[in-house]
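2 protein chains.
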Amino acid sequence: MARYRLSIHISPRRGILDPQGQAVSDALHSLGFPEVRDVRVGRYLVAEVDAATPDAARAQATAMCEKLLANPVTEDFAIAAVEPA
Amino acid sequence: MARYRLSIHISPRRGILDPQGQAVSDALHSLGFPEVRDVRVGRYLVAEVDAATPDAARAQATAMCEKLLANPVTEDFAIAAVEPA
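Residue numbers (my numbering), protein chains in the order written: chain A, 660 to 744; chain B, 660 to 744.
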């Protein structure tokens with residue numbers, strides 16, 4: 660068993676309204692970034708797990724997202740990285 | 660000018676208490692992932708900007724984080740990716 664650090668991205672699904680992203684976009688426009696568009700705000704999780712292989716760690720990350728971390732109706736998730744911790 | 664898609668990670672700084680990460684960690688333990696440790700929950704932002712070069716787009720992303728997106732006392736940010744949109 661080795662220890663792996665997982666990085667996970669969870670984002671509002673395309674086509675789902677993202678009021679937080681809209682608020683950030685409006686704030687950026689008034690702070691001098693008028694050309695910013697399509698802001699979407701999601702969550703970025705980092706965690707450490709024990710697993711036999713990187714693929715097993717990735718499978719654990721996927722299971723965690725499906726069971727708890729991501730809302731399957733409104734959010735997409737991606738395992739951004741699996742690295743030795 | 661070209662259009663770039665920015666990906667930004669904002670995380671609670673090491674050593675700062677992360678109650679959301681602790682709550683996620685506890686929930687994962689009771690859902691059958693007993694070995695998960697060091698969960699930290701941050702934000703993952705995606706946005707599009709116009710810029711002359713990828714470096715200029717990255718500089719804009721950094722300025723946005725410093726001015727609005729990240730709390731400099733409690734959070735670290737990283738520009739995870741700058742890609743043509």
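Among the hints, a few may not be true.
Any copy will do: because identical chains look the same in the list, a pair fits if it lies in one copy or spans two.
Unchecked claim - In silico SDA-like cross-links for lysine to any residue, where the CA-CA straight-line distance does not exceed 25 Å:
id	residue 1	residue 2
1	K726	F692
2	K726	T712
3	K726	G691
Note that these hints are calculated values from the structure, not bench results.
For each hint, the structure was consulted:
1. In this assembly of identical chains, the alpha carbons of K726 and F692 lie at most 25 Å apart only when taken from different copies (11 Å versus 38 Å within one copy).
2. In this assembly of identical chains, K726 and T712 lie within 25 Å of each other by CA distance solely inside one copy; the values are 21 Å within and 41 Å between copies.
3. For the homomeric pair K726 and G691, the shortest alpha-carbon distance between copies (10 Å) is at most 25 Å, but the shortest distance inside one copy (41 Å) is not.
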